[in-house]
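**Q** Given next are the chains, with one letter for each unit.
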Amino acid sequence: MRILIVEDDLTTQQFLHRALSEQGYQVDVASDGQEGLFLALEHDYQLIVLDRMLPKLDGLTVLSTLRNANKHLPVLILSALDSVDERVKGLREGGDDYLVKPFALAELLVRIEILLQRQRGKAEPSLNKLQVADLSMDLLARRVWRGQQEILLQPKEFKLLRYLMEHAGQVVTRTLLFEAVWNYDFDPQTNVIDVHVARLRKKVELDGHSALLETVRGVGYRMVEK
Amino acid sequence: MAIVPYLKPYVASVTAWWKNKRQTGYMWRLTRNSSIWRLTRMYTALLMLVVGILLWVLYQLSIGQLSRSQTQQLDQLVQQQTLLADELSPQDFINQFLLQAEQSRQFVLAYDDGSNTYGRLDTIPKRLAQCPALARFPVYNYNKIRLYSGCVQTLDSGRLMVASDDEALFDLREQFIQASIIALSLALALGLVTGWFFSAQVLRRVNGINQIAQQVEAGELSARVALSPRNDEFDHMATHINKMLAQVEHSFDAIAGVTDAIAHDLRTPLGRLRLRLEQALLDSEQQAVSPEQLASMLQELDGILATFSSMLELTRLEHQQQSKFSQLQLENIAEDAVELIQPLCAERQQDISLKLEQPCKLQGDATLLFRAIYNLLENASKYAGEQAQIQLTIKANGFELRDTGPGIPEAELDKVFQRLYRLESSRNSPGYGLGLPLVRAIVRLHGGEIKLLNQQSGLQVIVVFS
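Those protein sequence lines, which keep their order, are chains A and B. Mapping to the working numbering: the first sequence position 147 is 147, numbers consecutive. Mapping to the working numbering: the second sequence position 133 is 1133, numbers consecutive.
One should not assume that every hint holds.
Claimed, not checked - Derived list of chain B stretches under chain A, where covered just means 3 residues or more per stretch with a C-beta under 8 angstroms from a C-beta of chain A: (1) 1109-1119; (2) 1328-1340.
What the hints assert, rightly or not - DSSO-like, lysine-lysine: derived pairs with alpha carbons at most 27 angstroms apart: (3) Lys1355(B) <-> Lys159(A); (4) Lys89(A) <-> Lys71(A); (5) Lys156(A) <-> Lys1126(B); (6) Lys101(A) <-> Lys1324(B).
These are computed hints drawn from the structure, not numbers from a lab. A quick note: this is a predicted structure, and the numbers were derived from the prediction, not measured. Beta carbons: idealized from backbone N, C-alpha and C, even for Gly.
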């Protein structure tokens, strides 16, 4: 997995470099837009982490140039500009995700992983059924079973579980869950997501069955591996 | 010359006053491109043109008419005499001519048959042209010189001269020209004075606006253009400028407000964080920093960041334009919000319900409205206490939220919308005191108003969109 980081702030750049290398990615860095664009066009990266405001060449220009050159790899935009307009602009230019500075490292890692997974999963046919351990979900019938026993869920709970199962094995942050399930673009900044997950957990983790959903402290949740 | 020393101070004070006026810009400067000078010139030229045309018409109708009729009469006389000369014998013609010359007072006639000159003149002036072209000539008579204009007609038997007294017409013309000069000079003076006066009237108001602009430029944002009771175009312009200035001042104050708020309210948690870090650094000499310690510091920092972005967002919301609004059903958003808060209420054994009195359709931003409703629900849940009842009712033009909690002290009802204001009782619970201001900003952005009321049963929040 080869990842390019284009970021002009050296501290952030070194930090990201270290963190992503520790995750086992092969990481290249560029400190300005021009260098970043050159590297991105020369090599085959699986993903680019792109700062929005860069010296020499603006992040959005780099992005649109890449897209025009038929490079369709996932791009995660980092930016201190957090208004909805700016997000929309970034995503419209061909960004796949947008993270506002300051961000939690865990959030960034989760988002990178999800982007990479989405990229890998592009060719796969969409599934009708999801399965994690003895928990199974029928997406068409919208029904869920734990072993032989059916679990009745409310629509939001179903969506929540579906997202968690789709990303089984990965850490999922509260913000990601909120965005995916409630579909409103903001951070509720309360423990309300935790309460929803706790409820879901109670329904899913029946007596005599193993625990499936673990809490990752300070980050979010993880469903056990499929 | 003894008066000069007495005058000196007055002269000095007048020149000082003049200089002062010039420097403060009140004085209209007579430069080529000053508007007042240009307008005055245009006005004066127009006035002169009108007066000139009037004079010309007057001249044509009076003196011009007179001189034309005189010429006509001369012509008639010439024709008449020519006819008679043809019909009568030379002697009869001369007799007849003498009679005619004697009788006509208005005209001077002379006839020269080669040997004698008959009529009032001794001789026919040589300069005269053939009729009908008239020429002027002086006649010396009883020590007076008078001007005549006339012409000569050559007959078979001699030369006939007819002339009219031009003196009166000439005098009249002279007088008319003099009067015209006076009239035009008066028009010039009047034009300059009134033109100046009116232009100055108009430009004084432009200048007033200029001065305000200068004051604002210099940082005096509260300056406003004065309005006149006339309610004319200048007043409209002044009103618009004042509105604009009010908006600018408002934005400016908002920024200043946020800066103050950041300075005051982020300093405390930042100071706390600093202390903790310092402590951790000292402790690290003895023992490793525990994950708990680090986690709590991270939490503190997240709180600071959240407050910071909320403040920025609030400022942005308060000055946002209604740009990307779409058609929405408020009840759908309310449903989502209730669904989100529901488990939280369940934990506190609160009973939350959504009542749809009437569907509410409006233009808006779904995420923002969701936040507003969710914030209100969260507040209700947080402050209403365990086992409280919370009811959200959707109405045709807004919504209403009631809870069975203790409400808000009457004296603080207005203050809860201030940034970073928190009730004494809630000072130690989590939150940043930005929830309600944010709700109000969102509601106002959607053209609505929010009201808080203490009911016997608890707090009532009313939101009405117009």
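**Q** Now tell me, hint by hint, if it's right for this structure.
**A** Taking the hints in turn, this is what the structure says about them:
1. 1109-1119: violated (count 0)
2. 1328-1340: holds (count 3)
3. Lys1355(B) <-> Lys159(A): holds, 25 angstroms
4. Lys89(A) <-> Lys71(A): holds, 19 angstroms
5. Lys156(A) <-> Lys1126(B): Violated, because 126 angstroms separates the two Cα atoms, which is more than 27 angstroms.
6. Lys101(A) <-> Lys1324(B): holds, 24 angstroms
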